[in-house]
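Two independent chains are provided; combine them into the complex using the hints.
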Amino acid sequence: MITVAALLPACVQAVDVAPECRVGDESTRVLTLAAQAVPTATMLPCLDVLLPGWSFEGIQITDGAYRFWLSSDRTGIRTVRVELVSECDLSAAVEVVPAPGEEGTRRFEEPLSLDPVFAANRYYTFAGGCVRVEYRFGSGDPTEVLQADQAIGFRPRASLVRRLADLGIVLCGAGAPPCPGTD
Amino acid sequence: MRGVERVEQPSSIGQRSLRRLRRRPSGEPPPLPREIGRTGRLLLMLVAIGAGLTVAAALIGTRATAIDQIDSSLVRAFARIRVGAVTDVMQLLDGLASRWPLRGLRWATLLALVLFRRWRHLAVFVGSLLTVEYVTYATSLAVGRSRPFGVEIATDWVGFSFPSRPIASLAVTLAGMAYALVPAGRPRFKAKAAAAIVVGTVALARSYLGVDHLSDQVLGVLIGVTVPIVAFRWFAPNDVFPVTFRRGKTAHLDVSGRRGQAIVRAVRDQLGVDVAEVRPIGLAGSGGSTPLRLTLVDETGGLRRYAFAKLYAKNHVRADRWYKLGRQILYGALEDETPFQTVRRFVEYEDYTLRLMADAGLPTPHPFGVVEITPEREYMIVMEFFPGAVELGDAEVDEDVIDQGLGLIRRLWETGLAHRDIKPANLMLEDRRLRLIDVFFVQVRPSPWRQAVDLANMMLVLGLRSDPETVYRVASRHFTPEEIAEAFAATRGVASPTQLRVMIRRDGRNLLEEFRRLAPAHDPIPIQRWSVRRVARTLAVVIVGLLLLGLVASNWAVFA
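Chains as they are written, first to last, in this note's numbering: chain S, 464 to 646; chain A, 24 to 583.
The shape of chain A in the complex, shown without the other chains (with noise of 0.2 Å):
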């Protein structure tokens, strides 16, 4: 019996210099500093030009002020050229920001949405049409503007002139549209500048018609624009979700640019090494961090090896928190599903748990530390990467693959550890070695359920690759029958995870089933836990997610 051997780890990331590591001094800005940019700068300015501009309107109401008396020279001037073909063009422009036309643009955008299944930028554009919409309306009650004086208005319209709420709806939808359609870069430019000339033709039309004042219109497309780029900035920018048309998972950011630049400087200074290239790995099978691949270099530019790295972010963290949430809500607490609250922690623990498995002799990745991108919000894990390594879904897996799996198991059990994500890709052959990653979820002192649980998961990845009476004899040697048979009593469904239920469906054989009748018979250990909380938390989402319904729903006007 081999088992699991003792593996020596690298004491440390390689051609580490001390002398070029570097601490920042006070005041000086992390590697990437959270900037809100020149647009970001522009919109804040633009944002306390239009509220200046509605508490004047607000204050002043319908006294004949300077802007009264701009707007109305302006619409009346207009209203003196007017021509009938002219009229009848303006008219038709102006139905661009009319009910039908703006009910198919939002309709199309939302069905496009779901089709790619871009939650993330469905709600963010449903959120921004509701926002604006309201706000138009809030500000147009408060304000109380009639509609233009001294012109006929040739035109249809509906309540207060301030602000112009047909422009705001145009300009929140085409401004939406963009940022939830349009690749960033120069297509989702073009876009906006296409954008820019609807609304501004559209506008113009209006003043023609002389149905807005020249202020209504531009509050309007301040709101209009304001809100949706605010929002996509902030709930969902580019750079953690980008705007693509494939499906898969969208939660890893962009390292090329700024990002990656920060990554190189930040590692150098940091852990005293050069990066020679950051490139992104595995990014299938991860939806919890960015995993990366560090091109390592000494001083003189030779000697390359490699380095593998976790790069989290505060998405990271949200993502993390809705997971638990819904595990909570669908199983109750199975175990200890406590979010953690800070990237920093994420970080952290990440680093306890590499450490802890390398006390223990297990064969996990060395880490080599935590580098910080910006702070509390972006950190990376840097640890050995195993190059030349097959998953163990893709490797050739014999009897000796097959006791090291169980001897691994057993040396977690014994130093009171549950690695909770055994699973094909977290499974690596090196050398005919077996090496275990991903060890975010590692616990100390767990459940016997979840102890039982690792067992049965990884007996099943074994027996995907070889057969569930050779893979049951050698668990033999390292635990005994009624272990086995209570591993496969505790396991079913969430228990295993994703990609492990997936392969085993792909598989054909039914392995629990083959696993439960090779080992002895055990009553099914209960998976659903009841408790206070999961009934409180499970209230909470139904009421949440009823208000929320209820919040489209009484706005459906918006839509249809």
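Same shape as in the complex, but just chain S (with noise of 0.2 Å):
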């Protein structure tokens, strides 16, 4: 009963298999998921490195989004969440330079608070989507962003139109030929 109660509080809509960015089977079918969930996106965040004090917190597929949530034993449970989703509204944000690794992508920048606590977010734009992070640190450096940034990289979606291509199936959306029921 114990153990049933602890795993169940999950158990409702999230998809609790980290969407590492290493080619594996695991998460190969989260990046997928994901990949159908936004399928004009051309390219997937997804679970890089993560340092010493991060942890993967969760994740959550739907039509139309794909997020996942990070936490830190320095910043707090869940104060980073990156989200995918087809466009984003970037009114308040100011372009930057994208950093190495961040290639193909266009970023954005719109900090909100520096004191008490850091609160920011930062926005990659491509072809069919847009990613947004989300920095809400209840304690810790500003600077531990860095880290957390270390946790975040991109996958494109070709290769895993190509990789199931491999396999015969069509992964329907951007990089693939228009699938039936398409308006």
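No false leads were slipped in.
Here are the in silico distance ranges between beta carbons for each label pair:
1) 565/A with 503/S: 51 to 61 Å
2) 227/A with 619/S: 34 to 44 Å
3) 512/S with 347/A: 57 to 67 Å
It should be emphasised that the hints constitute simulated quantities derived from the structure, not laboratory data. Every value quoted in this text rests on a predicted model; they were computed, and no experiment measured them. Glycine included, C-beta positions come from ideal geometry on N, C-alpha and C.
Printed below as a string of structure tokens:
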């Protein structure tokens, strides 16, 4: 009973498998579902290197959105949220130069507060999609952002389309021929 | 002083024919064999198929398998024929399995079950919902199947596709409603057929919209239907917990159909007597067993007489366990509250107490024997029936009857026994002779506190149908004033059976206080008993209760 009670809380919507950037069966399954959630997106955010103190804290994939959370023993639980949608509101954000490893994307920053807690949004846009990263630190140094950034990577959708095509499967959306049922 | 007379007991059940007694040979099924039935076997088969399908899918993953080929071709075929207006209708139908309609159905069911105080059905319904939600969620993670490939998905979705969680949620809700709200038989069959049509229609709509594979839906239906059916059959079987919309006790077994036939056969084989009719009686006053009146006939079909029988099943053992746990938590160990572990022990104990009382010459029913219906699950004890007897609560009580009642308590004291359930329903008047029934709670060498309570309860019962002064005066012939004072100092609240407390409340007179005024002053004797066991059990119950609450609260999205 206790085991069931402990296991059940997350059971309604989440898909608790980490969307790792490295190629593997588990991560491919999750990223394939993510690709189906936002079929226009040509890039998929994924989990890269988790530095000490940082952890993956759950994922949710529904039609139209794919999001996952990160926690840290310094900034708190679910203090970073990464979300892929088809488009974002960039009216309050400022474009900056993408960092190495973010090629193929445009990056925008939207600082919200430094004190008493650090809060900011970052956006990556690319063909057919937008990734919004929310930083909401309950405590800790704002420079923890740099550590959190190490955990966020991108995988091109095209690599998934090719991998599935080798199995005779068509992943509808960007980079694939039109599918039946398309308006 | 007449007091209680030694009662001559009938020696046997009556027209018993020894040559008709029949020993069941080894290997022969009992009168009512325990069977899972045809639907039970079908369900187990379906569960096995579903489990096999899940394991296969988990092992095979997203590779193009035969199942995938069939699934994909079906979904693509639907996608090719999509037309705008039809798609709108299908999206509407798919909405039946979405959160709001399910919330409505689930809450309406919970509300109805609370309203009619059907706690057992409520617990099984909630348990089924949580189980299905968890199993489908865990399976979807284990398998990690993507949504259908090669088609445009035309409706909302959440998470992996295998099994179809909306279909499973809809199926468990509708099947649970059919079992929790609709009476068994034709009405339930119709409800299940309607549920099947609704689930089938939604499944068709979801295939058309390209959101589920066929195999996702098949497993969703299997889980969504199997869990509630198995849960209701196991934890709330219809013959013990029938669906009714009237208030009252529901722990009685249905004695029509197979069970009724089994009772007739069992009494004939094991007691050597033919039974013409099995009729439930006095159900309102009995929650611990199913009381029956058996109409007995001789071999020629003539010479009718009655026997009283009590049918015990496992649910009565469980009820006894909960009852005793509740008493221990609320009041501590008032007396021996060790629960019985088996149905066999139940009937063996009642048979023993009946014989003990008979040996002591007390006016209790004479036991005729124990009958096995289903080994270790159902037994029936058969005893003497008092035809024409009137419950003391409805009878005229004169000084002679009062004397008999108080003499009876004196005899119990002298023989070292306590009845522990002295109330109007357990005292019968037959030809102005007082009879004591329902000896299940009888205790040998009880505590002095319990003996005192028996006396006070008897005086209260007699006082209800007469006046305290007369009862006290007659009681003084059998007991000292100090003994009577002790009895009323020990008796309050839970010490009296519920029926007696209710009748005293309705009566309007403060009988307890009137008796206390008549007796010498005595300090109250506390009911509450504290022990490490009581504290530990209370804590355990609180923790389990909190865990269950947490379980529901943490899965609130299932309902809210």
